[in-house]
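S.K.: Make a model of the complete structure from these sequences and hints.
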Amino acid sequence: MIKVPVTVLTGYLGSGKTTLLNRILSEDHGKRYAVIVNEFGELGIDNDLVVGADEEVFEMNNGCICCTVRGDLIRIISGLMKRIDRFDAVIIETTGLADPAPVAQTFFVDEDVRSKTALDAVVTVTDAKHLPARLSDSPEAAEQVAFADVIILNKIDLIDEQEQQALIARIHTINPYAKVVTANHCDIDLSEVLDLGAFDLERIISLEPGFLTEEHTHEHDEQVKSVSLTASQPLLPERFDAWITEVLRSDGVNILRCKGILDLLDQPQRYVFQSVHMLANGIFTQPWTNSEPRHSRLVFIGRDLDEAKLRAGFEACIHSVSVPQERS
Amino acid sequence: MSQPASILEQLGSQWQWPAYVLSACFDKANNLAFALGDGSVRLFPADVDHEPLSIKAHEGAVLSLSSAPKTGFLSGGDDGRFMRIDADGTLTELTDFQGRWIDHVASHASGVMACTEGKRLHLYPGRGQPLVREFPSTVGGICFAPNGYRMAVAHYGGVTLCSTRSADSTPVLLKCPGSHLAVTWSPDSRFVISAMQEECLRGWRLEDNDALFMSGYSAKVKSLAWFNGGRYLATSGSPCAPCWSFKGRKGPKGREPLTPGESTSALVTAVAGDPKHAILAIGYDDGQVTIAEPLRDQEVVIKPPGNGAITTLGWSSDGNWLAFGTETGFAGRLPVGG
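Taken in sequence, the protein lines are chains A and B.
Numbering follows our numbering, in which position 185 of the first sequence is assigned residue number 185; successive positions increment by one, without gaps.
So the mapping is simple: our numbering equals the position in the second sequence, first residue as 1, plus 1000.
Hints may be right or wrong, so weigh each one.
Claimed, not checked - Calculated pairs, DSSO-like style, for lysine-lysine (alpha carbon to alpha carbon, straight line, at most 27 Å): (1) B:K1250 <-> B:K1220; (2) A:K116 <-> B:K1222; (3) A:K116 <-> B:K1119.
Just so you know, the hints here were simulated from the structure itself, not pulled from any lab data.
M.R.: Printed below as a string of structure tokens:
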């Protein structure tokens, strides 16, 4: 069965989120959307299905303290699935102050939700002029950037080229794998934000980090940042499994997201891995071809990450060759 | 080669509709209603000579259906309307909560009707003003006490028992962390059982608040059914239909459930029981419906797999009829009396 894709749209009031929602709903794309919003009234469209949500976050009794889910989403999505023939995708709007993690975790934890829908991507709409100040004064803003698959820098005309470069660099220190799209009045191509499959392990083919410029990485002491780890020798599967399990168990509260494409010893296929806080999944996907270099790449995005400790743990998983290898 | 006719095909009736069947429900006069995901209610009067009716009860999907206090039905929809549907098909709007979803509806023979939207429970006594009560979170499920004086309301953090008649009486909170969904009150009034987000049941013996905990399910328990005079509670959410015994003073504490309907490949999604006898209907996610006699270890398949997961089973209060529906709009009715 084809699962209904769900896009999570975050961003502060005034960032242009509603403009984007209105565009998605009004553009002539032949698709029917169900939109789950926090507040009615701002949307100019009544043709599509708009549902009010209550942002009820609750803890799961599964011994995992950061495992919070959105109870109202479970209820609403279950209700929407009863009229499944009526729409092609779901968009969930969250407020600027809301933590995106419970929304994402709902799609990992609840079996009913998981069986009918699939999280497609987290899209964060930001006001390019005000984002630098928000990143400095609000942990929520940094976390929304950290969590996003796509970041829309809206109202880009209000800043100059130099400010734009600095802002993009700063975003990439927090989240090197987010796609940054610039816009005015959210005038983006909708294919940049919809149907991306960012959480679909089968569709994650490469993890190419956004460019990093050294001077900017040191300019701000970001609380939320990323740690990228790479290895050109294969990893030992058992050791990696034990290490990542322990890392997520002990530091999962601070690790917002983790993604990896890994070369495991004696495995012809890529192992693709992702997590949201402590909830993780991983599968073997496409085989490595002879013409491409096999390597592992793993990125952690989170608060107060201990880079040295993560690096040491990761390196201990690398298969070290004690006998000289035959060279062809 | 054609398949031999199923028991349903030989003895019952079946229908195919274009939308998800949310609920199959009999009223006390054996009128039968099916609530569908396209907003319609399909009504089959007990008098079989009477034509079945298709009633456009709601704009969106019907979210909840129950029998009305005397005859006929109550329904709630994602269009915010709480409706009464008389046995002759007459439609009456009881309330319109614009922009809200009516998640649950229920009624009691004494005349009280209830519905919930979000965190609020609305009670409509037979006469007098409606009562409104608000809970800490969205209501997961509601159930009247057998005498109709109280109602159990499941929500995040536990189950609240409140009066259906007076706004002044203090509600009793049965506290238990986590999200409580479906809730049921035992026919002997002694126990309240709730199904949780975490694939388990919680329960309370009301005389002393003694707590029950039943786990081991592989999915959320969405269907709960008392049968055999309230001696057993049948449940979904497992590859069989665990039936917990409430025969003794202690209820199921320390006792293994009966496990009729064991399947190697399918999950039980709905249960319904004969109110008086130890006979149970079990519906699976592969579309099969089985009737079991758990105390005699006898089972018979009345509908083979296919037509989508069983979403609902209803057994008439006189024990004579069984009805079911599936997620692909397939539905059926079968005489089961005698």
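S.K.: Quickly compare the C-alpha distance for K1250 of chain B and K1220 of chain B to 27 Å and report which way the hint goes.
M.R.: 25 Å, holds
S.K.: K116 of chain A and K1222 of chain B were given as a pair; does the straight-line alpha-carbon distance stay at or below 27 Å?
M.R.: At roughly 17 Å apart (the allowed maximum being 27 Å), K1222 of chain B and K116 of chain A satisfy the hint.
S.K.: Quickly compare the C-alpha distance for K116 of chain A and K1119 of chain B to 27 Å and report which way the hint goes.
M.R.: 25 Å, holds
In this structure, every one of the numbered hints holds.
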